[in-house]
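In case you want the letters, here they are:
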Amino acid sequence: MIADIRTILWKEWKDVLTQGGPRAKWYPLVFLAIFCVFMPLQTGSAWVETPVSLGFYVMIPIILVVTWVADSFAGERERGTLETLLATRLSDRAILFGKIAAVAGFAWGMTLAAFFTGLVAVNIAHWTGQIVLYKPSIALGCVGLSFLAATLSANAGILVSLRAATVRQAQQTLGLAVFAVAWIPILGINLIPDAWKAYLAELLKSGDFTLVVLIVVTSLLILDIVLLGAAIARFQRTRLILD
Amino acid sequence: MPEPAICTQNLTRDFDTVRAVDNLSLEIPQGIIFGFLGPNGSGKTTTIRLLLGLLEPTGGRAEVLGCDVRTQSGAIRERTGALLEQVGLYERLSAEDNLEFFGRVYRLSKDERRDRINELLTRLGLIDRRKEMVRDWSRGMKQKLAVARALLHRPQLIFLDEPTAGLDPIAAASLRDDLKTLAKREGVTVFMNTHNLPEAEKLCDRVGVIREGRLLAVDHPDRLRAKNGGPKVDIFGQGFNEHVLTLLRMQPAVSSIETQNGHLSIHLNEETDVAPLINLMVGAGVQVEEIRKGKTSLDEVFLTLMEEVK
Numbered sequence: 001m002i003a004d005i006r007t008i009l010w011k012e013w014k015d016v017l018t019q020g021g022p023r024a025k026w027y028p029l030v031f032l033a034i035f036c037v038f039m040p041l042q043t044g045s046a047w048v049e050t051p052v053s054l055g056f057y058v059m060i061p062i063i064l065v066v067t068w069v070a071d072s073f074a075g076e077r078e079r080g081t082l083e084t085l086l087a088t089r090l091s092d093r094a095i096l097f098g099k100i101a102a103v104a105g106f107a108w109g110m111t112l113a114a115f116f117t118g119l120v121a122v123n124i125a126h127w128t129g130q131i132v133l134y135k136p137s138i139a140l141g142c143v144g145l146s147f148l149a150a151t152l153s154a155n156a157g158i159l160v161s162l163r164a165a166t167v168r169q170a171q172q173t174l175g176l177a178v179f180a181v182a183w184i185p186i187l188g189i190n191l192i193p194d195a196w197k198a199y200l201a202e203l204l205k206s207g208d209f210t211l212v213v214l215i216v217v218t219s220l221l222i223l224d225i226v227l228l229g230a231a232i233a234r235f236q237r238t239r240l241i242l243d
Numbered sequence: 001m002p003e004p005a006i007c008t009q010n011l012t013r014d015f016d017t018v019r020a021v022d023n024l025s026l027e028i029p030q031g032i033i034f035g036f037l038g039p040n041g042s043g044k045t046t047t048i049r050l051l052l053g054l055l056e057p058t059g060g061r062a063e064v065l066g067c068d069v070r071t072q073s074g075a076i077r078e079r080t081g082a083l084l085e086q087v088g089l090y091e092r093l094s095a096e097d098n099l100e101f102f103g104r105v106y107r108l109s110k111d112e113r114r115d116r117i118n119e120l121l122t123r124l125g126l127i128d129r130r131k132e133m134v135r136d137w138s139r140g141m142k143q144k145l146a147v148a149r150a151l152l153h154r155p156q157l158i159f160l161d162e163p164t165a166g167l168d169p170i171a172a173a174s175l176r177d178d179l180k181t182l183a184k185r186e187g188v189t190v191f192m193n194t195h196n197l198p199e200a201e202k203l204c205d206r207v208g209v210i211r212e213g214r215l216l217a218v219d220h221p222d223r224l225r226a227k228n229g230g231p232k233v234d235i236f237g238q239g240f241n242e243h244v245l246t247l248l249r250m251q252p253a254v255s256s257i258e259t260q261n262g263h264l265s266i267h268l269n270e271e272t273d274v275a276p277l278i279n280l281m282v283g284a285g286v287q288v289e290e291i292r293k294g295k296t297s298l299d300e301v302f303l304t305l306m307e308e309v310k
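The listed protein sequences derive, respectively, from chains A and B.
My numbering puts the first residue of the first sequence at 1, with every later residue one more than the last.
My numbering puts the first residue of the second sequence at 1, with every later residue one more than the last.
FYI, nobody ran anything at the bench for these hints, they're computed from the structure.
Even glycine gets a Cβ: it sits at the ideal position worked out from N, Cα and C.
Result set (SDA-like, lysine to any residue): computed pairs, CA atoms no more than 20 Å apart in a straight line:
| no. | chain 1 | residue 1 | chain 2 | residue 2 |
| --- | --- | --- | --- | --- |
| 1 | A | K14 | B | S94 |
| 2 | A | K14 | B | L93 |
| 3 | B | K142 | A | L82 |
| 4 | B | K293 | B | Q251 |
| 5 | B | K110 | A | I2 |
| 6 | B | K142 | B | L121 |
| 7 | A | K14 | B | D136 |
| 8 | A | K14 | A | I2 |
| 9 | B | K142 | A | L85 |
| 10 | A | K14 | B | R107 |
| 11 | B | K131 | A | W13 |
| 12 | A | K135 | A | L41 |
| 13 | B | K293 | B | P252 |
| 14 | A | K14 | B | R135 |
| 15 | B | K110 | A | W10 |
So the derived list for chain B, only partly shown, Cβ under 8 Å to chain A, looks like this:
| no. | residue |
| --- | --- |
| 16 | L54 |
| 17 | E56 |
| 18 | R77 |
| 19 | Q86 |
| 20 | Y90 |
| 21 | E91 |
| 22 | L93 |
| 23 | D97 |
| 24 | V105 |
| 25 | Y106 |
With the rest of the complex left out, here is chain A:
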């Protein structure tokens, strides 16, 4: 199945890189230049020494996934290629995992590129005579959380794309989902009991950063598994044909 997943990956990446014509090959570099050089340069050494970059490295994969994932199945359906793909020897799992891996892999790969580009940018611009590195906990948090954010948003996006009749419909649903993800925590904090708020504030003040990251990682992992399970259950050839 790994070879089949690689085949889907090959097609998806080839397809997305040619989507905007010959110029599309330069888009990732433009992205890196703007978001992964400019931001670290503005923030200085705090970019690698404090958790300030953590949120950024979680958001990058989500943004990248959302811009692409709507097209995965809804695009195939809209352009009339889905039935032909389903009529091949590829297994359901190979197609599904290939699609998820393509989106999540691209987003996570770009995030890692941003991670290292930021490090290089900070070292060059704010050279102090010795190389500055990310703190191990921050580095691990960035790499791990960005991976989970990429797979989580890819799983959620694939699920939406599987159900959507058109790319536009999938994009609209995903737009609402991102809006909800961004605003529900803010609203939620106002709604939770004061005792919980006090506990959370204490947790953050105590500086037990590892515990916070562990809680986030565990939550994301559980959500990831649930969404992947839902996508596997939803991906049925017969259902997709009738859709």
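For this one, chain A is given, so just place chain B on it according to the hints.
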């Protein structure tokens, strides 16, 4: 005796309120081009989807290349190729990349992919344009590329769902020629849905006629014509009065007679010498200007079968 390429027994598929395929029993031997004829919405596409294991049958059973469509659909798709209702090409990829992708899907080695892609694109006259994005191509070229894709992994059986639909007559004729040549050369069995009867007549070794999900007839186009029409002779001229028509109807070789647009069509029971009939007509005062011997077209057979169902 080799196993049939396709064998169905009472294959049935219901949708909410419609029976799309109704107790279809069919046996298609290997190595032939089979034409599945029927009007729009008659169940042709659903039949292909059932045979590819893309839809579950509601009842009955079907085997494709010896594999059960319910339990071995993966094995069926491994050994078959398909050009479905929609051409199914990735328009943002080049022709070569489209085939490269499907070559990888069917696990052809790098060398096999390169040789096979070159071979098929050359045979179809597309080799010089292999680097172009498919979205810039004409519909005829896309259909040809889709045929190449269906044949790429040397399947034993290919399904074609109205391959020439929407093509201009020249592109359609060109695709038909290529299809026939390639199918014979590769020894592949072809299951082709069409409502283009002249196309079925030119391409198919055997045809099945379906309407409202039910199989009305299945046979070689010639035998189908013989059963439902047979040979005929068209006579152009003057003097086709009732006396002449009565005389002709009394002849044992004559099956039926009809007059239309100033000419007389005589349907014969079997291939026979028409000279005695012409002598008879001339003797009865008919002025014969032109005689055309021919066969009942598949169009006429098809319409007859459709009328019988009504």
